[in-house]
Amino acid sequence: MAELREVVYIDGVRTAFGRATPDGYFAKTRADDMAVKAVREVLRRNPQLPPEKIDDVVFAATAQVGDQGLTLGRDVALLAGLPKSVPGFAVDRMCAGALTATTAGAGEIAMGAADFVLVGGVEHMGHHPMGEDVDFNPRFIAEQIVDESAAVMGQTAENLHDAFPYLTKKDADAYAVESQRKAGAAWDEGIMDEIVVPMSVFTDDGWTVAARDEFLRPETTMEALAGLRTPFRAGGRVTAGNSAGLTDGATAALIASADAADEIGLAPKMRLVGFAYAGVEPELMGLGPVPATHKVLERAELTMADIGLFEVNEPFAVQVLSWCEGVGIGPDDPRLNAYGGAIACGHPLAATGVRLMAQLARGFRDNQEARYGLTALCIGLGMGAAILWENLQNDA
Amino acid sequence: MPSPPTQFKLRRIESPAGHIALVTMDNGEDWTKPNTFGEHALRSLEDVLEQLGTPDWRGLLLTGKPFVFAVGADIEEFGEITPERARLGGAAGHELFGRIRELPFITLAAINGAALGGGVEIALHCDYRTISSSVRHFACPEVLLGLIPGWGGTQVIPQLIGAERAVKFIVENPLRQNRMLSAQQAFEAGFADELLEPVEFLDESLAMLIQKIEAGVGKRRPRADLSDVAEVCRKARARLDGQVHGAARAPTGRSI
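Chains as they are written, first to last, in numbering that gives the first Met the number 0: chain A, 0 to 395; chain B, 0 to 255.
Since the hints were derived computationally from the structure, they do not count as laboratory data.
As a list, the in silico DSSO-like pairs of lysine-lysine whose alpha-carbon atoms are at most 27 angstroms apart: (1) A:Lys-27 <-> B:Lys-32; (2) A:Lys-52 <-> A:Lys-83; (3) A:Lys-27 <-> B:Lys-8; (4) B:Lys-8 <-> B:Lys-211; (5) B:Lys-234 <-> B:Lys-167; (6) B:Lys-32 <-> B:Lys-8.
Can you make the complete structure from the sequences, with help from the hints?
Structure (structure tokens):
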């Protein structure tokens, strides 16, 4: 067997994230054009990379139809103006799409099949409402393979509150307020401007520029959140305020073999240490990152104490709270989501993974004492994903 | 069916260089019904110019809805036109386009799609121009219709690209099966400062405007050397008289 090669993360960017509503930023913008924007920005920021050296383009979308339907990796490569010799493909693991694109590309690099791979994800949830065009197999319910609630992500979040009755709505709201505050601070400090590429978008009111996340509400208070309705269950705990809204957004990143990056003078920001996917009960899909985290740490022979930074997706506040329970850290741990999370910026399903990676890479720069970091998220139908990274920005 | 009137839609963009006015010409239809300038459009432009009168603006970017810049005066209105209305329309265009020229901050037209007649003229009243390499229709076809580019075209075009090229563009091309310029040709003729790829055309045009504001580049009024204008027109008239034998009268009646 070929000797495995080191895989490094060079750089990653995203579009601003918009509301998936008819008056959202991207309502009249194509999903693949958003992905193209992110890809071109990655290349612009890394001019040392000759585009013909890109060996593959791996793009994720959950809804692989319409403007996300044409084998995205290849579609985006061609539309971005990459040489026609650069191939591409599409992947889907729902919310872990971009993470799966990354680990698929990393596999190619590790095996010596590729030196440079562009990875990313896009989800235009305005054009493709969740579950649209999906034909659920009736056996799921008839044979009780999954609980009915497993198909509705908000209901799985209510289920988490049931499973952990001591995680209250108040806890979830407090977490959400903090996420909004941290994200607002990150924007104020210019941190997000390094990750988010503005994009001009056509709207009914003419062209404008999507430069800032539309969901961002740094002034959110506990009082304001307390009065929101609970759409998934009468008297429930999950609200629009303590969960991520339906979002349009795209992300892209460049990963490479450590040697190939070194040869052309690209400075890697992180080294991929390992990754794990795990399955859980679909109606408790939010628990997925717990076994995925345990698995990747065990394989790397590390413990939670060794990890300096966590970037964990926040589809629902209770999902992060239950992850904290499962891995034994507090939700106010300063290592966790230092720049806020999806509750503040939104969660365009398959695109989110690279957002986590880009924020982790930025966090490593701010926290040179942090040696390892983890990107993790939960996945519909009861799964979790975790990638473990090592900080390469602490020797400079 | 007449197209709905084109509107000038103003959005305020925050940029490192301050507030940018991003103005889109849009009639709310897709590219098969291009933007045109009729009375409603001119009134809409007037509204936007009012809003641009406040002191906080640092620059203006003028562009069109996707795939179309603007294709000039609204031909639908011509049916009911009288000499008096023609004069008023001409004067209104002079006044409004003149106000664009006189805006106290720098202006850039991002020619993203078809630009014909008044569409070309409004772009030329801006200080700078970018053009998308995908543009295939850039022309002043008025002369083919027995008109002249009446919103300043006969003045600003020669001042920008010289008499020889201007006569070719305004007079000779329309009379040669209404020949139009591609983006590449328009750029080479001197109509645009930058020829940009379509993929990020507006983002790059905006970046160029911001960069010019930050660099302190001022407004611009090109003045080509027009000492040869009489000679160029005399030769062109002789050539055209030989071709059209008086069939197209508007262009050859008077020198520009």
